[in-house]
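Trainee: This is what each chain is made of:
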Amino acid sequence: MREQGVDITPGTLFDAEEMVINMGPQHPSTHGVLRVILKLDGETVKDLDCDIGYLHRGVEKIAEHDTYAMITPYWDRLDYVAAVSNDLCYVGGVEKLLGIEVPRRAEYLRVALTELQRIASHLLWLGTHAIDIGAVTVLLYAFREREEILKIFEDFIGARLTAHAFRIGGLWWDAYPEFEKRVRDFLKILPGRIDEYETLLNANRIWLSRTVGIGVLPADEAINLSLTGPVLRGSGVKYDLRRAQPYSVYPEFDFEIPIGENGDTYDRYLVRMAEIRQSIIIIEQALDGLPEGPVMAKVPKVIKPPVGEVYFGIEAPKGEIGVYLVSDGTTKPYRMRIRPPAFINLQSLRRLSIGHLVADVVALIGTIDIVLGEVDR
Amino acid sequence: MSDEEKATPPEGGEEPQKSEKPTPSEAAKPDASAQKPAPPRAAPVDKPATPKAPPAKKPSITFNITADPFIDRIKEIFGGAITEAVETLGQQILRVAKDRYVEMCRFLHDDGDAQFDMCTDLTATHWPERAGQEFEVVLFLYSVPNNRRIRIKVSLADGDECPTVSHIWIGANWMEREVFDMFGVKFSGHPDLRRILLPEDWPGHPLRKEYPIEYRDNEWTDKHIEYREIDYDTSLIDVKYGERK
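Heads up: the protein sequence lines correspond to chains A and H, in order. Going by this note's numbering, the first residue of the first sequence is number 475, and it counts up by one from there. Going by this note's numbering, the first residue of the second sequence is number 687, and it counts up by one from there.
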């Protein structure tokens, strides 16, 4: 407006150079209760602050007063769209501290379930991210496939969402007889369905103009911001804990780590789609090589780890979820710290958004893939 | 008690190491042993909060780091500032004095051999029993080029300020804010030290050990949540049992 010769002196009606607006906590695109305070110049974001903590339950404090086995269900409620992955992190940490070796059959089933959960989480992300940007159709397709995974979970674990899948030392139940067949049937149809999503999005002009070049993050900056998961890999950093610091039986599987080139929202979308395809390969290998045997190790009834501490991180769908356990030799942890990937990734929203339009903030919240249950803990 | 015995076998393999390790480490590094008044056999870090006798059956899982050229180099550069270099379950932990903490972080970030370019996590632990060292800020570093992790610890007295590292790793910004929110540890030099999860005027810091688990601050709730008297027709609920209006 200044260029057009309009005189804007402070105090006049048209002096609207900077405006502060609230987005959330009830905004549908914030995927929960995230409040974003935006400082705008017209439609351009000048500054941004995230107000979080609406869902804070104090899980870390509760954990100091519960025994090791009692804490596991709280982990389901952190990232509640990827509960199985969270469980693997916590039980893996306790097993490492105790020195328990998990039976191989349990490890294979764990990998299969965790990768199914990754697919489910990425499908939910895809549907909601697309609907935020305006492509409503994808949500319906993505939820159709996610539903199949949730049904498999329901029959295996007994819950669809907050699946208390793993126990310290293995699994509580062995796989039900039709589990393998159902998963294989699902894996047969899934690649075709992913092609369907990509038909809807990959060459979609609106999708491209809303994602290409939005929120570009160079690799060194992404590392400095402590980003992990697909957000980091979208910037071209080949960092995946399944390969970098292998846990469970991942070294026995053959799969690739997809990375992006440009570090923009579109690349992060491509990385996640490629990850779904890699997860299919991993699950097939896990089912092919599924050994016979017990699914539960010998675990003492009273879990008393030795005095010491451990950090254990796994590659969750959102990034590196980790647990830092400090044991004082009693039945309860002295301190449990959750390394929340969504919380740490959300920090980059400010860096990504500045200079973009308000509508892009919606796309950028989607591309980081946050779950507020985990951000707030 | 039988349960404890069951838990012992997995660590049994490390038992001989424990008895052997201290002697070569003391002989190899006289400077390191001079720093430590206590014999390095036991893990001084992870003493239980209540100083009861540790169960003799359980072997310690924490050992001094020996024969690691990179750790030896750090010890050479920082000398007495490294008060402890231990390894637990294959994870390396260094304890550094507060006044050289930032200098060491800068070294770990910039040095060509170290290249710890990612701050995976930053948190704290509260040890009210340790006089003068009540808080411990724990920094988890990861090096993407070298695929290596290291954990840095700084001991602080209650009320001490910890120097910030958020200018080295931007990602540490929110983590330090969370530590301030949950423990009340202040980070000097932090660009934006506000509470992050709890409301600005929340009293207390929940992850301190003295903060009770079932604490409910009624004052705060009274101040922020408005209670309104509701006018409703009491005649409808003041009904005696068996009576119908």
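No lab work stands behind these hints, which were simulated from the structure alone. C-beta atoms are modelled at their ideal positions from N, C-alpha and C, and glycine is treated no differently. Any given hint might turn out to be false.
What the hints assert, rightly or not - A few chain A residues facing chain H, derived, Cβ under 8 Å: (1) Gly527; (2) Arg531; (3) Val533; (4) His539; (5) Ala543; (6) Arg679; (7) Asn698; (8) Val781; (9) Gly796; (10) Val800; (11) Lys806; (12) Ile818; (13) Asp850.
What the hints assert, rightly or not - Below, simulated EDC-like cross-link-like pairs (lysine to aspartate or glutamate); rule was C-alpha separation at most 20 Å, straight line: (14) A:Lys535 / H:Glu789; (15) H:Lys895 / A:Asp540; (16) A:Lys535 / H:Glu815; (17) A:Lys662 / A:Asp648; (18) H:Lys839 / A:Asp802; (19) H:Lys895 / H:Glu815; (20) A:Lys570 / H:Glu773; (21) H:Lys895 / A:Glu534; (22) A:Lys806 / H:Glu896.
Trainee: A separate judgement is required for each hint: does it hold in the structure or not?
Mentor: How the hints compare with the structure:
no.: 1; hint: Gly527; verdict: 4 Å, holds
no.: 2; hint: Arg531; verdict: 10 Å, violated
no.: 3; hint: Val533; verdict: 11 Å, violated
no.: 4; hint: His539; verdict: 5 Å, holds
no.: 5; hint: Ala543; verdict: 13 Å, violated
no.: 6; hint: Arg679; verdict: 35 Å, violated
no.: 7; hint: Asn698; verdict: 5 Å, holds
no.: 8; hint: Val781; verdict: 5 Å, holds
no.: 9; hint: Gly796; verdict: 6 Å, holds
no.: 10; hint: Val800; verdict: 6 Å, holds
no.: 11; hint: Lys806; verdict: 11 Å, violated
no.: 12; hint: Ile818; verdict: 6 Å, holds
no.: 13; hint: Asp850; verdict: 6 Å, holds
no.: 14; hint: A:Lys535 / H:Glu789; verdict: 32 Å, violated
no.: 15; hint: H:Lys895 / A:Asp540; verdict: 14 Å, holds
no.: 16; hint: A:Lys535 / H:Glu815; verdict: 18 Å, holds
no.: 17; hint: A:Lys662 / A:Asp648; verdict: 23 Å, violated
no.: 18; hint: H:Lys839 / A:Asp802; verdict: 17 Å, holds
no.: 19; hint: H:Lys895 / H:Glu815; verdict: 10 Å, holds
no.: 20; hint: A:Lys570 / H:Glu773; verdict: 14 Å, holds
no.: 21; hint: H:Lys895 / A:Glu534; verdict: 12 Å, holds
no.: 22; hint: A:Lys806 / H:Glu896; verdict: 17 Å, holds
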